[in-house]
Every structure is written in structure tokens, then in C-alpha cells.
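Dock chain B against the given chain A, drawing on the hints supplied.
Chains A and B supply the protein sequences, listed in that same order.
Numbering-wise, UniProt numbering puts 49 at position 49 of the first sequence, and it's gapless, one number per residue.
Numbering-wise, UniProt numbering puts 148 at position 148 of the second sequence, and it's gapless, one number per residue.
Source of the hints: derived by calculation from the structure; they are not laboratory data.
Using N, Cα and C, we set each Cβ at its ideal position, and we do this for glycine too.
There may be inaccurate statements among the hints.
Residues of chain B clear of chain A, computed beta-carbon distances all greater than 10 Å [stated by the list, open to error]:
hint : residue
1    : A48
2    : K67
3    : T123
4    : P175
Straight line, CA to CA, 30 Å or less: simulated DSBU-like cross-link-like pairs of lysine-lysine [claimed, not checked]:
hint : chain 1 : residue 1 : chain 2 : residue 2
5    : B       : K67       : B       : K11
6    : A       : K88       : A       : K126
7    : B       : K162      : A       : K126
8    : B       : K121      : A       : K88
Partial chain B-side listing against chain A, Cβ under 8 Å, derived [as the list claims (entries may be wrong)]:
hint : residue
9    : L115
10   : I118
11   : T149
12   : D151
13   : N156
14   : L157
15   : F158
16   : R159
17   : K162
18   : A163
19   : G165
20   : Q167
21   : W257
22   : H258
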Amino acid sequence: MAAAPLPSPSLAMAPAEAAPAVEILGVDKVFADGTRGLTPIDLTVAQGEFVSLIGPSGCGKSTLLSLIANLIQPTDGRLLWWRGGFDKVGQPGRRLSIVFQDATLMPWARVEGNVRLPLDLARMPKDEAAPRVDEALALVGLSSHGRLYPRQLSGGMRMRVSIARALVTEPDMLLMDEPFGALDEFTRNRLDSDLSELWRLRGFTTIFVTHSIYEAVFLSTRIVVMAAQPGRLFREIEIDEPFPRGDAFRTSAKFADYCRELSVALMEASLASGRGRDR
Amino acid sequence: MTPLAHSERFKTYFPPVATGIAMLAAWEAACRWFEIPVFLVPAPSVVADSFLNNASSLFRALGSTLKVTFIAFALAIVIGVLTAFLFVQSRAIERSLFPYAVMLQVTPIVAIAPLLIILVKDTQTALVLCATLIALFPIISNTTIGLRTVDPGLANLFRINKASGLQTLLRLRIPSALPYFFAGLRISSGLALIGAVVAEFVAGTGGRSAGLAYEILQSGFELDIPRMFAALFLITIAGVVLFVAMAGLSAWALGGWHDSERRIEA
Chain A
1 MAAAPLPSPS LAMAPAEAAP AVEILGVDKV FADGTRGLTP IDLTVAQGEF VSLIGPSGCG
61 KSTLLSLIAN LIQPTDGRLL WWRGGFDKVG QPGRRLSIVF QDATLMPWAR VEGNVRLPLD
121 LARMPKDEAA PRVDEALALV GLSSHGRLYP RQLSGGMRMR VSIARALVTE PDMLLMDEPF
181 GALDEFTRNR LDSDLSELWR LRGFTTIFVT HSIYEAVFLS TRIVVMAAQP GRLFREIEID
241 EPFPRGDAFR TSAKFADYCR ELSVALMEAS LASGRGRDR
Chain B
1 MTPLAHSERF KTYFPPVATG IAMLAAWEAA CRWFEIPVFL VPAPSVVADS FLNNASSLFR
61 ALGSTLKVTF IAFALAIVIG VLTAFLFVQS RAIERSLFPY AVMLQVTPIV AIAPLLIILV
121 KDTQTALVLC ATLIALFPII SNTTIGLRTV DPGLANLFRI NKASGLQTLL RLRIPSALPY
181 FFAGLRISSG LALIGAVVAE FVAGTGGRSA GLAYEILQSG FELDIPRMFA ALFLITIAGV
241 VLFVAMAGLS AWALGGWHDS ERRIEA
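In isolation and in its complexed conformation, chain A is listed as follows:
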């Protein structure tokens, strides 16, 4: 794949020193029924980072992602996207894409129509959009499937279409809500590897919600462990392993150590959450 032009030089390397992509400033969320989704949270994700959110059920990781996607509004506190409001999101250098747990494709549109949707909504002319759709489909390895309908694809392929749709706008930040949770282990590992490679080449900031310890360790530069009742940040773990990461990393002792560390952190997070995980 030809390396895409990067939106800013700062994001190519050294994510820790890069400008923040999203800043969560004292954000809490109380739902309409009075349940507290999140206690005040402070979290900054720098441009170019790959941050995974992991934690027991009810810890508010999906809520946090919805807040970052501006799908729900914080009860208190505020969020900044590239040091600006959400109204500026979508401008060059501030593009946001999301991938949901389900592929959420439009069943009435062909694969290429589904991938083109964000460009259509931005009113991009079809002839200008077509090469970008082709490129996005090529990125996820579905070049020859553009004319098919979603129902003709397997679950893994549908998820790839969903990722192509997210990438077609050349996003600066990609939000993913347990995107591979419904897939089998084998497909999940392959998509993880592909995603890791795409992230490395494209440099988009990624915030990734997952239940899988292995997935989080394999993909992330930083893992945020959350605890429930009330939802809060519990611990952060940096994964200090260069990219590209391949199967060699997956089977290394270092990988196992990180998994153990994360596993312990998760157990503690569960104990710290109002009730145990297994009850």
C-alpha cells in the first residue's frame, strides 16, 4: 500500500509528546434514570496514540466512547477535540470516524455504497469519491467485493466493510466499540493484525473499547483499565513494544507478562467495582 500523506508531521512518531487529539476534562455522566455512568474523568489522548479502554461490565467504557463521539452529552465537565469544540470536527485534520460492535451496514446498499456513505453525506461528487472508495476497500482486502450486498458477506468481511467505511474519510481519529467482539478467535486475530498495520501506516489516533486482554495488549500503545460503580479510570498500562507487531510478539514472553499484568489490574478493578465480576 502506498503511504498516505499524513495530516501533520507531529503524529508520525513519539505520540506522548504530540498534540492532544481528545481531552476529557472532568467529565461525568448521570443518566436520566439517575444511575451514575461515570464519575468525573480526566483523560487526554494524544494524536497518534492507540488507546484501549478495558474493564468489567458497567464500567462506562462504551459511555466514554459515546461521549467522545458526541453521541451523548456529559452531565458535567467538557470535552475538547483537537483543542476545539465538536462543531469543528470534520474539518481537515479533525476528522472522526467510528466503528461499532456490529458492522451496522445499510442492507439495501452494495458494499461500495456503504463505504461511500460518509463521502456522500459530505456531498462529495461521485467521480471524486470512487477512487477513495476503491482505495479503502483495497486497504481492508475487499477490492473485488464492491458490487456485493452486505448479506452476501461473512461476519468478518462485514466488519472489514465497516472499517473501510470508517477509513474512507481518512480520519484523524478512529473510535472502535468492541468491533471484533462477535467474531471467532481466528478472524479476530487476523483483523487485529490488519488494524495494527493500518494504524501504523496511517497514523490515526485510535480509541478502542474491548473485552479481550490479548487484543488490548497486542494493539495498544496504552491501556486504560476502568472500574465500575461508579464508572471511573482505574489504572493505566503502557505497552512498550515497537511496531510493526507480528505473531512473534503475540507468542513472546513479554506479551505474556503484559497480559498477566493487565489481567491482575482487571481483577483488582473488578474487586474495586461495587460487586465482583462473576456475580
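Showing chain B alone in chain A's frame:
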């Protein structure tokens, strides 16, 4: 794969056709064997004979009934879809109007028809009105449900991409509603025909614009039972053709993607 396709078709069409032929044969045999008088139950052959003899008047009547049916069906679609759009604009509008739509639906059309025929001077218009009233409800309720049934994930995706209201309507709500709308069409097409025939019965219109109901009434007065059966047969065929046409339209529009129209793959 012609032999397989052939056998699949054969499996689809042979059982109902065979059943039909067997029933007609049994009917014919029973009429002859028990020497049932023609004015009670005519044999299929007698009905066919009467059908051929009265073909011109029967087909003119069919044309008249179908004209009412089609105009009413078209009106029901237009009014039904517009009402559905109105309903999804706000829950308040839906709450204030929906009970009356239900009342319209549950009141038997035979009970309203005489009133309409008195109130509306032009009989043709009264017939169309009756048929429209009965065909309207399934389109309203189905299209309303369809326009409301939107995948919440897709709705979120549209929001994140800052889609305008019009874009969301055209690219999300309307396509989502199509399967429901077509299901409504299938029900309504049959109801429009029923409404037209019922209204004709009540109006009892004769003359040049007489419909199939009038043919049936007239045959009853004249005790021309074979002609009655022939007219009945035409109504049934018209209903079946309408249903098949709607099913075909639905398959054509949704065939590529919707589960209801999905062909079973071997």
C-alpha cells in the same frame, strides 16, 4: 443446471395446479353424478360456457371495477404515505390522529357505504371513496412503523457524519421503511378490490359503469347462477393477479437485499 431449475419449478407449481384440477374434476363429476340442478350449483363446464357467452359484458364490468380499484389504490398510497410522514413528524400528531385512523379501519365498510353514496352525488366518486377508505389503513400503519424502524447504529453513524435531516430521510428512513411499505401494499391492493366490490353492491349501479358486483346482483335476480359464478371467478382472478403483481413489485424492489425476498440458496 436446467434439469434442477426445471424440477424446482415443477415442485413449486405442480402441487397447486394438480389440486385445482382435481377439485374441478370432482366438482364436475359430482354435478353430473348427483344431477344437481344448474340453479343450485352449476358444473364448471357450464360456468365456463356462461363465461364465454357473457365475456363482453363481464369484461366490461371487470374493467369498471378495476378502474375504481386502481384509482382507490393509488389514492390510498398517496394519502397513506403522506399521513405516515405526518405521523412520524411528531408523536403529538400521531397521538391525536391515530385513534381515528383505527376507527376508520374497524368500522365495516358495508356500514359506511350507504351513507357515502347518499352524501356523495357522483356514484363513481362514492365508489372510489369507499374503496380508498378500506385500503388506506394498512399503508398508513405499515409505513409509519417502517419510517420509525431505523437501525439505531446507522442513525448514530448519520449523526456522527453530520447528516442533514433531508439526507437522513432519503438515505436512511425511506429505505428502512420500504419493506414495511411493500407489505402494506400487498394487503391494501386486495382491500381496494374488496372495497370497490362492496361499494358497488351497496350502490347497485347499473348502466354503462356497472361493475362486477352489479353483474352478480343482476344474475341473482335473473337466477342466472352460472353467470354469477363466472363473475365471481373474474373477481377472484383479479384479486390474485393484483396480489402477485404486488409481490413481484416487492421482490423487484427488495430482492437484492431484504430477507423477506431472499431466495433460498441451495
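Evaluation of the provided hints:
1. A48: Consistent with the label, A48 of chain B stays out of reach of chain A, its closest Cβ about 46 Å off (over 10 Å).
2. K67: holds, 34 Å
3. T123: holds, 43 Å
4. P175: violated, 5 Å
5. B:K67 / B:K11: violated, 36 Å
6. A:K88 / A:K126: holds, 25 Å
7. B:K162 / A:K126: holds, 19 Å
8. B:K121 / A:K88: Roughly 62 Å separates the two Cα atoms, so the pair is violated.
9. L115: Since the shortest Cβ distance to chain A is 43 Å, the answer is violated.
10. I118: violated, 47 Å
11. T149: violated, 12 Å
12. D151: Because about 6 Å separates D151 of chain B from the closest Cβ in chain A, which is inside the 8 Å limit, the hint holds.
13. N156: For N156 of chain B, the interface hint holds, since the closest Cβ of chain A sits about 5 Å away, which is under 8 Å.
14. L157: This hint holds: L157 of chain B lies near chain A, its Cβ roughly 6 Å from the closest one there, short of 8 Å.
15. F158: Result: holds, 7 Å to nearest chain A Cβ.
16. R159: holds, 7 Å
17. K162: Holds, about 6 Å.
18. A163: With Cβ-Cβ at 5 Å, under 8 Å, it holds.
19. G165: G165 of chain B check fails; min Cβ-Cβ to chain A is 12 Å, beyond 8 Å.
20. Q167: holds, 6 Å
21. W257: holds, 5 Å
22. H258: holds, 7 Å
The structure shown violates the earlier hints numbered 4, 5, 8, 9, 10, 11, 19.
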